[in-house]
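J.: Dock chain B against the given chain A, drawing on the hints supplied.
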Amino acid sequence: MFAKKLTAIASVVTTIAMSLAPMASHAVTTGAFQAGDLIKGTQFSTVYYFGPDGRRYVFPNDKTYFTWYTDFSTVKTISDVQLQTIPLGRSNITYRPGVKMVKIDTDPKTYAVDQGGVLRWVKTQELAETLFGINWNQRIDDVPDPFFINYKVGTPIEMASEYPINDVKNATPNIAIDKQFDMTMVTVTIGSATAGGFVPASTTVKVGSTVTWTNADIVPHTVTGDAFDSGTIEKAKTYTRTFNTAGSYDYHDGIYPVMQGTINVVQ
Amino acid sequence: MNPRYLVLAALLLSPLLTILPASATSAVSEGDLVKIATRPDLYYVGPDMKRYVFPNEKTYFTWYAGFDAKVITDAELAALPVGGAVTYRPGHRMVKLTTDPRTYAVDANGTLRWVETETVAAALYGSDWNMKIEDLPDAFFATYRTGASIASASDFVPNDALIAATSIAKDKGLTSDTIPPVVPPVTVGTLDVTVSKPTAQAGDVELLTASGTHPTGVYKMEIFFDGNLIKTCTYSPCAGEATVPTSGTKTSYEARAILTALDASTSTQAVTITVSTDGSSLVQAKPDRAVIRTNQSAGAVVTADISIAVLRIDVYVGGSSKAACTNGARECRWGDIVTDPVGTVLDVYGKVTDTIGRTYTSAHSSITVSDNDSPVVTTTPAKPIIYVGEGVDVTVAGSDDDGITKLEIMQGDVVIKTCESAAPCTVTTGPWMSTGTLTFMGRATDGLSLTAVSPVATVAVQ
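These protein sequence lines map, in sequence, to chains A and B.
According to this note's numbering, the first sequence is numbered sequentially starting from 1.
According to this note's numbering, the second sequence is numbered sequentially starting from 1.
Looking at chain A on its own, in the form it has when it is part of the complex (with noise of 0.2 Å):
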């Protein structure tokens, strides 16, 4: 694996970091977060969405943003080198649903957003007042066309009944739900020693979920805990583990013991 140059200056910065760290339980305190959490490194000031796939979304941009969330107080800062062991999420966030109607330059028809990212025209201006009110011509954003791609055009609203702006806003009152995200299903990535490590290192679950580590490094890796031991997980493949006892779960690499995390299980 190959870096360009910042990303190998702060890997070293972070193996001193974690040669430092206490080798007691409960060691891990930095790199913690959870599904759910907003999530961005030092370098780049670019937030994304953490999924419990283990994956980090991209928000488009500032207005997809803030269809979300009202500001930034709840954005946890990770090292770079953990952020980018993190893969891409395979589609885009998209507008909150109920919130505004969205257009591209090149097509006049403007569209409610529903759940999943789906565009449903608002037909005519009567009804674009009734569903957005007496202001709806400024409730109305330009999406750019390269990302009106992580949309997709689903049937037309031919009655105010069909897209009732309220409950549609209030069914998706996070992105979770918006994806339709199983939160009990939780993944973990593996990187190399130097490259985050299990990121997120601690990552706390409800009782009954089940963890995927998958090894995103070269190199096989091990999860090995008191109570469980995954073996060898070669590159690309998998280990899963369902905790059903609410406790706190330290567990390192059996290969590269440097390697800690910990999941938190909690009713």
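Keep in mind the hints are simulated off the structure, nothing from the lab.
Each hint should be verified, as a subset may be incorrect.
What the hints assert, rightly or not - Calculated pairs, DMTMM-like style, for lysine to aspartate or glutamate (alpha carbon to alpha carbon, straight line, at most 25 Å):
(1) A/LYS103 with B/ASP347
(2) B/LYS220 with A/ASP182
(3) B/LYS322 with B/ASP305
(4) B/LYS96 with A/ASP62
(5) A/LYS103 with A/GLU158
(6) A/LYS235 with B/GLU116
(7) B/LYS96 with A/ASP53
T.: Just chain B, lined up with the frame of chain A:
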């Protein structure tokens, strides 16, 4: 904190405007590069007559050297739906995402393949490989897919991939009738249909349940029975009831669910319900005699299992209810003189209706009207209960208009005594040394060699 988001692609494409030829032609055709006069953005028109967006200028230059675009009207452009994004031409350059240190080669249809080591990168792209990497904004990753990583130089031949991708349409596998996925789906939707009874009798009430998911969400679910809509839900799971028709000749019915997702796509799933003629084991219908002559009396009895809260029992003979018992008894008898001509076969079955309206139908049997009737045969043990060490006499008697030529006594399936006469036939069995139940049957053969079997008689050994 003041996060700065990715620069929009429209800005990246802006310089193209000044060098575009102002040729104004119309009639969009597949493979064209098109634009409108007032905007700089270029689009590729696929054979599906959708326009494909170039996310940035670098992507454009992997496919085209110049800017020979056709200028079309705003209305013409608006008529072309957005089909997706153009990805890097395979084999041309390697790419790197803004916040991912991995270097990827691009394979067919926007497949990113991680080049695992510098050695491999140098083997594929030469010693100046690191000059052949272009940055790709994170937000465009969603338009790519990820493939197997490249661990050795033999895993990927950049030039072959480049030559194979002769056009954007070929790279994407577009044809006039394929609609490519805009974005690889996050998850695949599911749809299941279950029925309470995969095998049912006529009159049974079936509970049909459909459950489904879709990445864009469920807009509605519909359940059909035999082509008729019985339930529409806006949620999952969705359940509805249907009654298996009692009149009808179908041997199976279809239960179907159709899920309409919020993106207007539909999926469908069907389950076949087989109509059983075997009948419910809870209801027995037994004719007194299987074969009768014209103008003889015929009879049949229908009995219901103790587990059924009986409201009514019907005895169906020859297609209609000939006797109905509504007193709550578990047994209903029909008897009549049959005047049908020789050759008639009367279908006999029973139907029990319980106190909440469910029906149970027995297996079908028949009474045949013939030149010759079955002998009447009975089996009678001397005692219904005996003690261990005792024996028991069993008598079989038969009668028939043509006379009885043979009587047989059977224990289970084994003939234990044969009498070649019409006189009642008796056998002494035992002594029986263990407790249990003994079953005996008689078989009579009449003068025309027609045989009949008696009902089973049991003897308990205590």
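J.: Among all the numbered hints in the text so far, which are the ones the structure does not match?
T.: Violated hint (a single one): 1; every other hint is consistent with the structure.
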